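With the first letter of the sequence shown counted as 1, position 455 gets the number 455 in the working numbering; the numbers rise by one all the way through.
Calculated directly from the structure, the hints in this document are not laboratory data.
Here the structure is a predicted model, which is why all the values come from computation and not from measurement.
Treat each hint with caution, since some may be false.
Said to hold, decoys possible - Each computed SDA-like pair below joins lysine to any residue, with the alpha-carbon atoms no more than 20 angstroms apart: (1) 453 to 427; (2) 339 to 328; (3) 401 to 436; (4) 365 to 375; (5) 453 to 483; (6) 448 to 416; (7) 365 to 397; (8) 332 to 318; (9) 448 to 486; (10) 401 to 433; (11) 448 to 478; (12) 448 to 473; (13) 287 to 264; (14) 339 to 308; (15) 142 to 152; (16) 221 to 195; (17) 287 to 276; (18) 332 to 363; (19) 453 to 415; (20) 287 to 328; (21) 477 to 488; (22) 339 to 307; (23) 287 to 300; (24) 232 to 195; (25) 401 to 437; (26) 477 to 441; (27) 232 to 167; (28) 448 to 417; (29) 401 to 367; (30) 232 to 247; (31) 365 to 398; (32) 453 to 486; (33) 492 to 427; (34) 142 to 175; (35) 448 to 472; (36) 339 to 381; (37) 339 to 363; (38) 332 to 360; (39) 448 to 483.
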Amino acid sequence: MLRQIAIAGLAAVFGGMAHAQTSAELQNRYDELVARADNNSDDIAGAVADMRQLCVTSNFGKACVTMAEIAERLDPPRYDLAHDYYQRACDAGDGQGCNARGLYFYDGTGVETDFVAARNLFAQACQVGNGTGCKNIAYVQKMGEGGRVDEVGARMSYERGCRLNNAVSCFYEGYFKRNGTGGPVDDATAFTAYTRGCELNYASACNNLAVMYATGAQVPKDQVTARDLYKKACDADEMYGCDNYGDYLRDGTGGDKDLAAALTYFRKSCESGYDRACYQVGYALEKGNGTEVDMVGALEAYTTACETYAFACNNLGVMYFNGNAGVEDLVKARALYQKACEEGASPTGCDNLGDLLRDGRGGEKDPVQALIYFDKACDLDSGASCNLAGFMRHMGEAGEKDMARGNQDYVKACALENGSGCNNLGLVYYNGYGIAKDSVQARSNFVKACSLKYPDGCWNANVAFRDGIGGPADAMKAANYRAQACSLGYEKAC
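Go ahead and model the full structure; you've got the sequences and the hints to work with.
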């Protein structure tokens with residue numbers, strides 16, 4: 001015998017779910033029973049009995065779903081009974097019943113786990129117009145549960161689910177089409193899907209829609225709209241949305257700059273488990289952006305971030321290297337730089353590790369390994385590391401001198417606007433290190449080094465114009481470069 005349920009609970013079970021259409025007469029009868037349960041606490045048992053009749057005798061799927069949900073709320077739950085009612089609902093063409101029964105097989109609730117049966121039931125639910133069923137069949141198709149991996153089918157199922165106003169399906173339809181999963185890239189319909197998902201208040205869809213506005217994908221760039229959408233996503237506790245909104249507040253993108261508010265949103269994202277946001281919290285606390293400087297708090301935030309966001313390990317390593325927050329540990333700094341470099345592809349982490357290996361700090365001196373890490377940082381477009389790699393090869397610090405390869409390093413360093421690299425490249429051309437002398441190129445690179453505020457470059461440009469190296473002498477330009485060298489701290493020029 002069914003245990004009596006509070007009126008509000010029963011009424012909530014009776015209503016609120018979208019189901020396949022049935023005859024108006026049966027629907028009216030169902031609505032009468034819901035109203036009866038809601039308005040007459042003395043007639044709960046009678047309402048339940050009549051609801052059962054509507055399920056068993058009239059094969060009204062919606063009534064069967066309600067009976068199943070009542071069985072699930074018993075103490076203890078009667079999952080066997082609920083399963084039977086869901087089966088009746090599904091047999092009557094009710095998509096909610098098919099989907100719920102599929103979930104029982106998927107989760108092993110009251111039955112043996114059976115992914116094949118679950119997949120078939122999700123497909124049936126989707127076919128009769130249940131959006132949640134479409135979402136679930138898409139998931140098992142994508143994962144290859146209960147059958148082969150079928151990304152094409154998953155994409156189609158998400159499309160159908162979105163048309164049936166399932167917000168999660170809209171998000172994944174957009175995601176699949178933005179990334180070309182299960183079919184070609186289609187930004188136009190991805191934009192439509194994300195828009196619909198966001199309208200249905202699915203926060204991740206709002207975040208990804210914001211990215212499209214921010215990057216100008218399918219629509220003109222609109223940072224104001226992107227900012228609003230990131231906030232909407234964050235207000236619904238979407239951690240990526242909070243981090244992105246924090247970025248916009250920090251940088252003043254799409255609206256006013258507000259460092260204190262940015263920190264608030266970075267904290268919210270960090271507390272939700274997003275490691276990059278924890279890095280942002282650490283950086284704000286270290287630099288005093290929007291708050292007082294808090295080295296202890298920064299150390300804690302960087303430590304949290306470094307666990308899974310290896311890029312943050314470089315900043316944590318710097319804190320241990322410098323003894324910030326009262327803790328100095330070069331051995332730990334070295335290990336953290338290595339993690340940042342190897343796992344986080346941090347060019348600064350690779351460069352810092354190279355420095356410690358080259359100088360023998362925090363462990364043994366190892367110039368060969370130092371050069372390897374400078375090369376890795378250079379590959380990640382660190383101009384300073386390209387310059388150091390070139391210098392080590394010219395000096396033979398890690399083995400035989402290699403002027404040709406060192407020159408290539410200087411070329412890249414200068415292209416990456418490293419002033420020292422441009423100055424060294426100028427010296428290569430001036431002196432003919434591993435290359436034919438070229439005073440014109442020497443002067444040009446000295447001038448570029450000076451424009452990048454490298455004092456030695458300014459001094460050398462001064463000499464080139466003073467002595468007519470690489471072009472006509474020009475006393476006025478020479479004096480100007482000498483003055484720049486002095487202002488940048490080159491004492492000989494003052």
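Structure-based check of all given hints:
no.	hint	in the structure
1	453 to 427	17 angstroms, holds
2	339 to 328	18 angstroms, holds
3	401 to 436	18 angstroms, holds
4	365 to 375	17 angstroms, holds
5	453 to 483	12 angstroms, holds
6	448 to 416	12 angstroms, holds
7	365 to 397	12 angstroms, holds
8	332 to 318	10 angstroms, holds
9	448 to 486	17 angstroms, holds
10	401 to 433	11 angstroms, holds
11	448 to 478	14 angstroms, holds
12	448 to 473	18 angstroms, holds
13	287 to 264	15 angstroms, holds
14	339 to 308	11 angstroms, holds
15	142 to 152	9 angstroms, holds
16	221 to 195	16 angstroms, holds
17	287 to 276	17 angstroms, holds
18	332 to 363	10 angstroms, holds
19	453 to 415	15 angstroms, holds
20	287 to 328	19 angstroms, holds
21	477 to 488	17 angstroms, holds
22	339 to 307	10 angstroms, holds
23	287 to 300	14 angstroms, holds
24	232 to 195	13 angstroms, holds
25	401 to 437	19 angstroms, holds
26	477 to 441	17 angstroms, holds
27	232 to 167	15 angstroms, holds
28	448 to 417	8 angstroms, holds
29	401 to 367	13 angstroms, holds
30	232 to 247	15 angstroms, holds
31	365 to 398	11 angstroms, holds
32	453 to 486	11 angstroms, holds
33	492 to 427	18 angstroms, holds
34	142 to 175	13 angstroms, holds
35	448 to 472	18 angstroms, holds
36	339 to 381	18 angstroms, holds
37	339 to 363	15 angstroms, holds
38	332 to 360	14 angstroms, holds
39	448 to 483	16 angstroms, holds
Comparing the model with each earlier hint shows no violations; every hint is respected.
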